[in-house]
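A.B. asks: Listed below, chain by chain, are the residues.
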Amino acid sequence: MQEADLTEQLEQPGAATAALNGDPAESATAVDPADPAAAPSEAPMIVFEAVTKVYDPNVVALREASFVIEKGEFVFLVGPSGSGKSTIMRLLLKELDPTDGRIIVGGRELARLRRSKVPMLRRNLGCVFQDFKLLTDRTAYDNVAYALKVQGDSKTQIRAKVPEILALVGLGSKMTNVPHELSGGEQQRVSIARAFVNHPPLLICDEPTGNLDPDTSVGIMQLLYRINRTGTTVVMATHDREMVDKMRKRVIALEEGVVVRDERRGGYG
Amino acid sequence: MRARLFVTEAFRSIAANLSTSVAAVMTVLIGMFLLGLFIALGSWVISWTNHVKKDLVVDVYFCTELTCGTEATTKEINAVKLQLDQNPDVKSYKFVSKDDAWEEMKDRFPELTENAPRNPLPASYEVIPEDADQVQAIAASLQPPPVGVETVKYGEKKAERVLQVAKIIGGIFLVGSLILLVASTILIANTIRLSIFSRRREIEVMKLVGASNWFVRAPFMLEGLLCGLAGSILAVVLLLLAKELALPGIMGRIESPGDIQAWNFPVVALILIVMSLLVGAFGSGITLRRFLRI
Ligand SMILES: Nc1ncnc2c1ncn2[C@@H]1O[C@H](COP(=O)(O)OP(=O)(O)O)[C@@H](O)[C@H]1O
Ligand SMILES: [Mg+2]
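Sequence order for the protein chains is A and B. Everything in the first sequence is counted per my numbering, starting at 1 for the first residue and increasing by one. Everything in the second sequence is counted per my numbering, starting at 1 for the first residue and increasing by one.
Among these hints, one or two may not hold up.
As the list claims (entries may be wrong) - Here are the simulated EDC-like cross-link-like pairs (lysine to aspartate or glutamate), alpha carbons at most 16 angstroms apart as the crow flies: (1) B:K98 <-> B:E65; (2) B:K94 <-> B:D59; (3) A:K155 <-> B:E9; (4) B:K94 <-> B:E104; (5) A:K174 <-> A:D137; (6) A:K149 <-> B:E9.
Derived by calculation from the structure, the hints in this document are not laboratory data.
Based on the provided sequences and hints, a complete structural model is requested.
C.D. replies: Set out below in C-alpha cells:
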C-alpha cells in the first residue's frame, strides 16, 4: 500500500470522499476568518511577510520568514526539530504575536485582529496536533461537539453534524468512547473531525502523524488529502520524509528559523 | 440557552473532577465553620462586655436616720439631681426611692426582710455614665458628698478589671476573625488554583478550538459558586448542630443573664453563605485569568 503512488490512491473516490467533496468551489471562497465579506476571493490564504519571532530571553525561532500560500493549496512545512515549524502554527492561531513582520490570514492582518476576535479566527481555522489535544474526560462525540458548542450551535445542529463527521473519518461506531479507549490513529481522527466539523477554509496540522506508526499515518494522510480536495487549504508540518516525497506537493523547508527552500512539487530534500 | 449549557458544563466538570470538588467543598466547610464559630463566640463576648458596662453605674446613697441621724430632705435630693443634670458625663440617672429599694430587697432576699421592723434602706440615684470609663470622674465630682448624701459608690476595681479583660478578649476576637478570614480565603484560593492548574491543558484545548474567555470561564465560576454553596451550607448545618446540641450543655453551667446573646444565627449563616459564594465564584474567575491568555 505504501509502495504505490499515494496521490493516485487517494484520488479513488470512496463513499466518504464523495460526501466530503461537496462543493469545493464554494468552500474555497468562504475564506476570511473574521469577516467573509471583507476579502476578495482571489486573496491568498496565508501571507507571511518577513516574519521574525524571538522568544524570551533570546531564542530566534523564526528569521524574516516570507511565503504566500494560495487558497486550496496543500503545503508541507519541513525541517529538523527546532527549525520553527510549530512557531509558524502558533503564530497562525494567534497564540503568539510575531516580534516583527506581517501575517495575513484570509485577507485579515493578525496584528490588527482584536483579542476578542481571536475565538472567531480559531473557529475558522481547524488545527490538528501531534498530541491530539483532545479533552480527555469527554467521548469522541463530545469532543467534536465542543467545537460546535463554543460557537453557539444548537443541540439539533450538533446532533446532525457530529455523527456525520465522525462517520466520515471512520469512527461512526466509536462515538461514545473516551480518548483512552481509542488507538492513537483513532484519537487523531477524532481531532481531525473536530478540526473539520465547521468546514473551515484552512486546516493546519502540526506533525499529525508524529506519534503514529507508518500504516496509521497513511490513513491520516488520506483523510487530510480528501479534506484538501474539498477546497480546504491544508498546511502540514512534518518530519515524515517518505510521506512528503510521495505526495509531490508544495514543500516549504525551514532551517533554524530561515526558509531555505520553497518548491511547488517538492520532496523532503 | 447558554445558561443551561453552562450549568450542564459545570455539573459535568464537578463530576469529572470529583476529588478536587470534594476538596474544595471541604476547604470551604472548615473555613466557614471556624469563622462562624468565631463570629458567634466573639459576638457573645461583645454582648457580655456591654452587659458588664451596664453594671458600671455610680450609686448616690442619701442619708437615713440610721446613717446620718436624719433623713435626706427633698430639697437636698433635688440639689443632687440638679448637679447630675449639669454633668456632661452623665447619660441618665434613675431615682430609687426608699420603697423601691425595699421592694427589690424583698424580692431578692425575702428571708432578710421578713421580720425587719421598718425600712432601713436609703433612697438613691443610680447614675449611668455616657462612657463606662467615666464612672470615676462622676464619683469624684460628688466628693466631698453634698449635704444629705451619705455615700457615693461606683463599680470599683472588680468591674474595671472585668471590662479590661473583656476589651482584650474583644481584641483577640477581632484579630482572630481577621486571621481566620484571610486564612480561609487563601486556603480556598489555593484549592481553586490547584484545581485550575491541573486543568490548564483542558483550558488550552478549549481556547484552541475557539472558545471565548467567557465560554471557558463561566462554567468554572459556576463550579466555584456551587462548591462554595455546598461547603457553606454544610458549615451552617454543623454550626446549627453545635448550637442546638453542644451549647445548652455548656451554657447550663455558666450564669448568663438574659441580655447576653450571640448574634442572630440566620444573619451569621447568611454572611457565611454569601461570602463563600463570592469567594468561590470570583476566586475561580480571577485565578483563571492567568490561564486564559492563550
Ligand atoms: N515557548 C518557548 N520559549 C522559548 N523558546 C522556544 C519556545 N518554543 C519554542 N522555542 C524555541 O524556538 C525554536 C523553534 O521551535 P519550534 O517552532 O517548536 O520548532 P519545531 O516545531 O520545528 O520543532 C527552538 O529553538 C525552540 O527551542
Ligand atoms: Mg514542533
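A.B. asks: For every hint, state whether the structure bears it out.
C.D. replies: Hint check:
no., hint, result
1, B:K98 <-> B:E65, "holds, 12 angstroms"
2, B:K94 <-> B:D59, "holds, 10 angstroms"
3, A:K155 <-> B:E9, "holds, 14 angstroms"
4, B:K94 <-> B:E104, "holds, 14 angstroms"
5, A:K174 <-> A:D137, "holds, 15 angstroms"
6, A:K149 <-> B:E9, "holds, 11 angstroms"
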